[in-house]
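Asks: Letter by letter, the chains look like this.
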Amino acid sequence: MTEQRTRASLADADTILSVRNLRTYFYTRDGVVPAVDDVSFDIRRGEIVGLVGESGSGKSVTARSIMRLVPVPGRIVSGEMIFQGRDLVGVSEGEMRQLRGAHIGMVLQEPMASLNPVLTIGDQVGELFAYHPDRAPDGSRDDAVAEILQRVRIPDAVRRMTEFPLSFSGGMRQRVCIAIATACRPELVIADEPTTALDVTIQAQVLDLLLALRAELGVSVLFITHDLGVVAEICDSVAVMYAGKIVEYNDVESIFARPQHPYTKALLASLPRLGERLAHLPSIEGQPPDLGDLPPGCSFSPRCPAAIDRCREQAPDATAIPGASGSGHVRCFVAADMLAAGAATANAAPSGSTP
Amino acid sequence: MTTRDTNATDGAPILELVNLKKYFQQEGLASAFLRRKRPPVRAVDGVSFRVTAGQNFGLVGESGSGKTTIGKTILRLEQPTDGSVLFEGADVHRLRGGALKEFRRATHVVFQDPNSSLSPRMRVRDIVGEPLSVQGVRGAALRERVAEVLQLVGLSPDAARRYPHEFSGGQRQRIAVARAVAADPKLIVLDEPVSALDVSIRAQILNLLRDLQDRLNLTYLMIAHDLAVVYQACDTIGVMYLGKLAEQAPSEALYREPLHPYTRILLSAIPRPDPTQRHERLPLTGEIPSPSAPPPGCRFHPRCPIAVERCAVDEPEWREVEPDHWVACHLV
Ligand SMILES: Nc1ncnc2c1ncn2[C@@H]1O[C@H](COP(=O)(O)OP(=O)(O)OP(=O)(O)O)[C@@H](O)[C@H]1O
Ligand SMILES: [Mg+2]
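For the protein sequence lines, the chains are A and B, in the order given. Numbered per the working numbering, the first sequence spans residues 1 to 355. Numbered per the working numbering, the second sequence spans residues 1001 to 1332.
Next up, chain A with everything else stripped away, as it sits in the complex:
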């Protein structure tokens, strides 16, 4: 990593997005799908927050909720998303259009899904400034576009802005998408699996680029991925999603060093790691549930090695993790009991050291 993370300089007053108790449900013919169910997290200025989870856990629906682009038959049912003092749940569509692109950028897994194949790269980047003239750099449009392509390290930018997306490699196309997402110097970029379709060496370049842009522009990133390795490499804090809920949310060091939720623990243990050849990988039995047909109680309980009777009857609420900065929490009865017991012994012990 070429750059030190800037956690120490992140004051809580710097929160730019605060999601609270967000619920986004799909009302399908087969019933209600609680794709995002009581999700809360914060993103601070310059912070990279990872949203990890398996397929269908609700990561993309969370992203689309923030962008207010939830497809039918889905809708935001309740909750708050405070972005720069405004609740995105309630703002008008016109206001939202001004925010998208200018204040909140988006990068998707498949670059070609967001690029227009019949427009030159230069036109697509430049188009943004027509929508958001107040955010356009000074000087000619072409100069501005070239500058923005150079910012994402596209070599030979002046020539390449006259080319079409199909003449770019997958990695270069993703750079163009990042250029578009950051052209207007947004406060927040939502990146939904931006490196999943890329080769590992190209992924490394894109991750380094995101870190550099964070340093240069101070942009915050909501980074959606299913890859815990990527999370460990670039995120400051992490929200682990399972079946529509955030089961654990904390800073990245704590999540990896002291995971609290049995799902987080099991997931970390099951990863094949370089330098550590195991005869048998600890695995999680069973499979993720169907969101339209969730088990009673905690959704992870049928697969959970730590589950007690209560877990199969009641859904646990979020419990704050003591010592966690911000709104770090875990959603598990067993973990909550252990945290409470830990806090009790810590309180009982005579504290000799100064705070």
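Keep in mind that the hints were calculated from the coordinates and are not lab data. Cβ coordinates follow ideal geometry from the N, Cα and C atoms, glycine included. Mixed in with the good hints, there may be bad ones.
To be verified - Computed list of chain B residues with no C-beta within reach of chain A, every gap over 12 Å:
| no. | residue |
| --- | --- |
| 1 | Gly1097 |
| 2 | Asp1184 |
| 3 | Gln1204 |
| 4 | Arg1278 |
As the list claims (entries may be wrong) - Residues from chain B that face chain A, not an exhaustive set, calculated with beta carbons under 7 Å:
| no. | residue |
| --- | --- |
| 5 | Leu1152 |
| 6 | Ser1156 |
| 7 | Pro1164 |
| 8 | Ser1168 |
| 9 | Gly1170 |
| 10 | Ser1195 |
| 11 | Val1199 |
| 12 | Ala1203 |
| 13 | Leu1208 |
| 14 | Ala1228 |
| 15 | Val1229 |
| 16 | Ile1270 |
| 17 | Arg1272 |
| 18 | Thr1285 |
Unchecked claim - Simulated restraints, written as ranges between beta carbons of each label pair:
| no. | chain 1 | residue 1 | chain 2 | residue 2 | range |
| --- | --- | --- | --- | --- | --- |
| 19 | B | Gln1277 | A | Asp14 | 42 to 50 Å |
| 20 | A | Arg29 | B | Tyr1163 | 50 to 58 Å |
| 21 | B | Tyr1163 | A | Arg153 | 43 to 51 Å |
Since the structure of chain A is provided, determine the placement of chain B with the ligands on it from the hints.
Replies: Structure of chain B with the ligands alone, referenced to chain A:
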């Protein structure tokens, strides 16, 4: 799969590739219009390695490096342009009659995407039984064997009458594995066997493959882009770059002492699930060249951080620099 005793093997390779080449002629309007042939895509351009029975061999490399074409050519799904594939000493592309039938029994494949590799209109019992019926197994013997392998892969016997879409991705991959082992093969080619699966399911399938290997005396050739998966599952790893092997070594040696600059860059690019171990990623400049026009000399030289003049001219020899550690680089 990593630390087995090798007393069952006499060191004779179960599989050997000898300077294997597979070129694809490029079709297309442009070439028809210009009335001249475009240069062929050299998907595999002179690859040699040996796989010892019971010792899993992993092939890693990025998209377009030729891994899948190697797998297909081994299984006769592609005809080599040059060179040969030897299975237990016999050239697989010259097999006929009974020897060919035996080869088809003794080798099988599991593909990445269980959704597209399993026919949606066939019941699981027909999918799993197919390699057996090809061998002439019928009736009760067929039914019994299908039930047996379904149990081996951890599926219930009533899975037999159901269709693939009734199963989750992980279970479908179990079905694909059941079919692969049904006819009691010796060698199974695993092409990205876990990359389409959810993280929590990958370990299940990797463990299943290992259990089956122990029980059934299998050898795996695993093709994957995920070096951590291959490292767990294989004894030897070969690193492909643009149709050629750059390096090959026992898994531990490859991880601890990578010699080829490309292997080092690849290893440094792999995200480690440990935020206290954040490391500098070695830069890889430029883009992967077209396999229809690989660079002269060492094909990695335009992107190599340590290349010297010679690398642009002479093709490096594939040589064994330490026991079982092979590399194609002038500077090692
Ligand atoms: N248009 C839709 N109609 C009905 N249900 C939907 C729709 N879009 C998403 N869902 C449901 O919402 C849930 C969450 O989906 P989401 O796409 O957010 O998952 P994800 O975590 O992004 O998964 P992946 O890793 O596969 O991208 C899923 O159960 C999905 O079936
Ligand atoms: Mg998604």
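Asks: Hint by hint, note whether the structure agrees.
Replies: Consistency of the hints with the structure:
no., hint, result
1, Gly1097, "42 Å, holds"
2, Asp1184, "24 Å, holds"
3, Gln1204, "5 Å, violated"
4, Arg1278, "4 Å, violated"
5, Leu1152, "17 Å, violated"
6, Ser1156, "14 Å, violated"
7, Pro1164, "15 Å, violated"
8, Ser1168, "5 Å, holds"
9, Gly1170, "6 Å, holds"
10, Ser1195, "11 Å, violated"
11, Val1199, "6 Å, holds"
12, Ala1203, "4 Å, holds"
13, Leu1208, "9 Å, violated"
14, Ala1228, "4 Å, holds"
15, Val1229, "5 Å, holds"
16, Ile1270, "6 Å, holds"
17, Arg1272, "6 Å, holds"
18, Thr1285, "9 Å, violated"
19, B:Gln1277 with A:Asp14: 42 to 50 Å, "28 Å, violated"
20, A:Arg29 with B:Tyr1163: 50 to 58 Å, "22 Å, violated"
21, B:Tyr1163 with A:Arg153: 43 to 51 Å, "48 Å, holds"
When the structure is compared with the earlier hints, violations turn up for hints 3, 4, 5, 6, 7, 10, 13, 18, 19 and 20 and for no others.
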